[in-house]
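These are the residues of each chain, in order.
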Amino acid sequence: MSRSKLSVLLVMTLASLLILSSVALAKTTLTIWAVDGLELDDPHHYYVQNLVKTFLADNPDIDIDWVAFGSEGAALNNRIRVALAANVGPDIFQSWGGTFMGEFARMGKLLDLTEELSDVPTSEAAKAAMSYDGRLYGIAPFFAIAGLYVNEGIFEELGLEVPTTIAELEAVAEKLVANGIQPFAVGARDEWPILATYMYLVNRYGGTIFDDAVARKVRFDAEPFVQAGLKIQEWSKRGFFGNTPMSEGYGDAQLLMQTGQAAMQISGSWLCGLYADPNQTDQTIGFYAVPVLEGGVGKVTDLAGMTDVGFVATATAADKKDAVVRFLTYAMSVEAAEKEAGRVASIPGVNPPNRLTGMASDVFTQAETIQFWWDQNLPPALTTPVNLTIQSFLMDDTDVKAELARYELLVEDELGSVR
Amino acid sequence: MAVAQTAKRKKKRDWYRLGFIALFLLPALAILGTFMFYPIKETFRLSFMRSSGFGEEIYVGWRNYQRIFASPEFRQGFVNVFKWAFWSVAIQIPLAFFIAFTCVNFRTRIIGRLRGVYYLSNVLPSAITAMLGVFIFSPTSGVIKTFAKTTGWKWLESIDWLGNPKLAFWSLFALATWAYMGFGIIYLMANIEQIPTEIREAALIDGATQWQYAWRVVIPYVSYAIRVQAILATVGSIKLFDLPYMVTLGGPRNATVTLGITLYREAFLNWQYGRGAAIGVVIFLICLVITIFQFSFVNDHSATDQSI
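Heads up: the sequence lines are chains A and B, in that order.
Mapped onto the numbering used here, the consecutive letters of the first sequence carry residue numbers 42 to 460.
Mapped onto the numbering used here, the consecutive letters of the second sequence carry residue numbers 82 to 389.
These are computed hints drawn from the structure, not numbers from a lab.
The reader is advised that the hints may include incorrect statements.
Which residues of chain B face chain A? A few of them, derived with a C-beta cut under 8 Å, are [claimed, not checked]:
#1 Asp-241
#2 Arg-346
#3 Phe-349
A quick note: this is a predicted structure, and the numbers were derived from the prediction, not measured.
Beta carbons: idealized from backbone N, C-alpha and C, even for Gly.
All chains should be built: construct the whole structure from the sequences, respecting the hints.
See below:
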């Protein structure tokens with residue numbers, strides 16, 4: 042090879058290397074903090090695993106640095122708070138919306154994506170959960186609603202009908218107790234699992250009274266709150282939550298349902314994947330709307346729920362807005378959402394992955410109002426106390442009215458007195 | 082001239098000595114200052130502020146302290162840690178002493194192996210200990226529940242170990258006794274082993290029983306170690322957080338809540354950093370008083386040793 046040819050080859054190689062390296066340099070890296078990991082072979086993680094894999098394949102100019110903090114959520118939330126306070130957070134983080142996200146939005150720590158995400162098809166409830174003060178900060182491809190899980194096998198065996206009123210529910214529970222089966226699995230040791238039951242009872246007695254209490258039109262120890270608390274206490278005394286409700290964690294409650302030791306559970310639709318998986322349970326479990334109270338205010342279409350999987354962009358990602366929007370838009374696509382194994386999608390056109398999720402989706406689509414989880418939607422100073430207050434109703438000697446009055450004092454400190 | 086040269090050399094030597102001391106002390110001081118003294122000072126400052134960890138902090142004077150002392154949760158935590166401290170000293174230390182005494186004075190192959198078993202609980206991370214605790218007391222699949230079902234003991238099956246407010250503290254305390262006693266056993270064993278063999282032989286020849294030997298010889302001999310153990314157990318109880326939080330979250334109805342748990346709830350769950358800091362200051366001051374007491378007692382002991 043002549044010297045000139047060799048020189049040309051060398052120059053061409055160098056030029057190619059330069060072009061390649063510049064392409065590599067032009068890659069945008071999105072740092073995403075989440076709860077679910079990308080490595081575990083767990084159906085619960087299929088959505089995020091496929092989301093990242095497919096998105097990276099379709100977007101070679103974007104790289105993702107995915108950091109998982111574990112499914113509890115508290116680790117991620119604590120880390121996010123510290124990081125965003127120091128303005129060193131990720132570009133995107135997994136969030137359930139509500140007041141936790143709202144606090145960050147209020148402090149200007151989030152990226153306003155109202156215009157960019159306005160055309161992304163989603164349910165109004167999901168949009169509301171990821172908004173603060175009329176501005177949209179993220180997406181919620183999956184939405185969790187609480188409903189009544191029923192062990193249909195046990196019901197069939199005992200000749201029971203799925204209850205549609207609270208009176209029917211109590212009659213069913215009595216019959217289950219008489220047959221040595223725990224009517225409700227709760228998991229009250231972990232504090233928050235009893236919240237959904239109480240939220241529904243408050244709604245059935247007093248409709249949207251919670252909103253009025255937050256708006257400081259009524260007190261938190263108003264009649265419907267007390268009636269709902271007394272009902273939980275009465276059910277506990279009648280053995281509807283078993284003999285040791287305060288010792289059972291949420292994991293215990295799931296185990297009771299999976300093994301047919303408990304017949305019903307009021308909980309979020311995130312359990313659909315677990316209860317529909319034949320490798321996890323041999324029981325036939327269905328999902329129904331929580332019964333209504335005859336003569337009560339709340340309707341069967343009044344639901345409790347909130348974001349199941351959501352993503353929010355931070356203000357530090359302002360210079361990567363295009364990549365952020367591309368990722369969030371893809372996360373809201375039917376293609377990405379159909380990889381999910383159990384959650385209820387808030388994206389129109391997504392086929393439910395199993396019968397149980399389909400039942401939960403049907404309940405969700407009929408919703409007229411959705412009350413967000415109180416412990417995600419109250420100011421942070423009031424969230425742990427609300428769960429502790431409700432948990433105490435399960436104990437026989439709790440003075441429900443006095444506990445609620447004590448909680449009202451905390452609310453007054455945060456939100457002011459009733460006007 | 083010679084005097085001036087000597088003075089110059091001495092000055093140089095002093096500088097050299099000072100530099101040498103600084104070389105050793107300054108890095109430690111810098112680390113302590115950054116990671117200990119500054120955060121302590123900031124905690125004191127924050128305890129007088131209303132702060133959510135974000136944005137502006139508002140000076141509220143003693144309000145955070147008034148609020149925490151008015152809180153039933155904090156007061157229960159206060160009672161619980163001192164109750165925990167009292168029973169730790171009253172139960173864990175005597176138990177650790179008798180196990181240590183038995184291990185040292187009755188040497189058999191089995192007892193030799195038991196040393197390792199006793200210490201094992203101490204090397205387990207508290208998360209594992211908590212998991213074991215839940216596994217023992219779980220109402221659905223726990224060891225006690227399974228045992229009660231197997232034997233048909235309904236009375237045992239119906240006990241709500243972690244859910245009954247009157248029982249939860251003691252269930253947790255039983256778990257902690259097993260978890261935290263390992264160190265006490267090893268520490269006391271090391272001290273008992275220091276007693277010269279002649280003393281033991283002389284006591285036994287004089288007709289002392291094992292009980293008399295333990296009571297009249299061993300306990301006075303290791304009293305210093307027992308007192309150190311008591312102080313460590315007390316300070317550990319005041320700072321207690323991990324085991325109660327992981328097993329019961331401080332419940333039911335604050336039956337197992339500790340000052341550490343109230344701090345965590347206020348600061349990290351309720352976003353009330355000011356109140357969390359105020360609780361931190363209270364814990365700090367209690368521990369400080371106990372530590373001062375510990376130092377004075379160590380000094381007394383040194384003086385006694387020297388006089389001997």
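Against the structure, the hints:
1. Asp-241: Holds - the Cβ of Asp-241 (chain B) comes within 8 Å of chain A, reaching about 4 Å at its closest.
2. Arg-346: holds, 5 Å
3. Phe-349: holds, 6 Å
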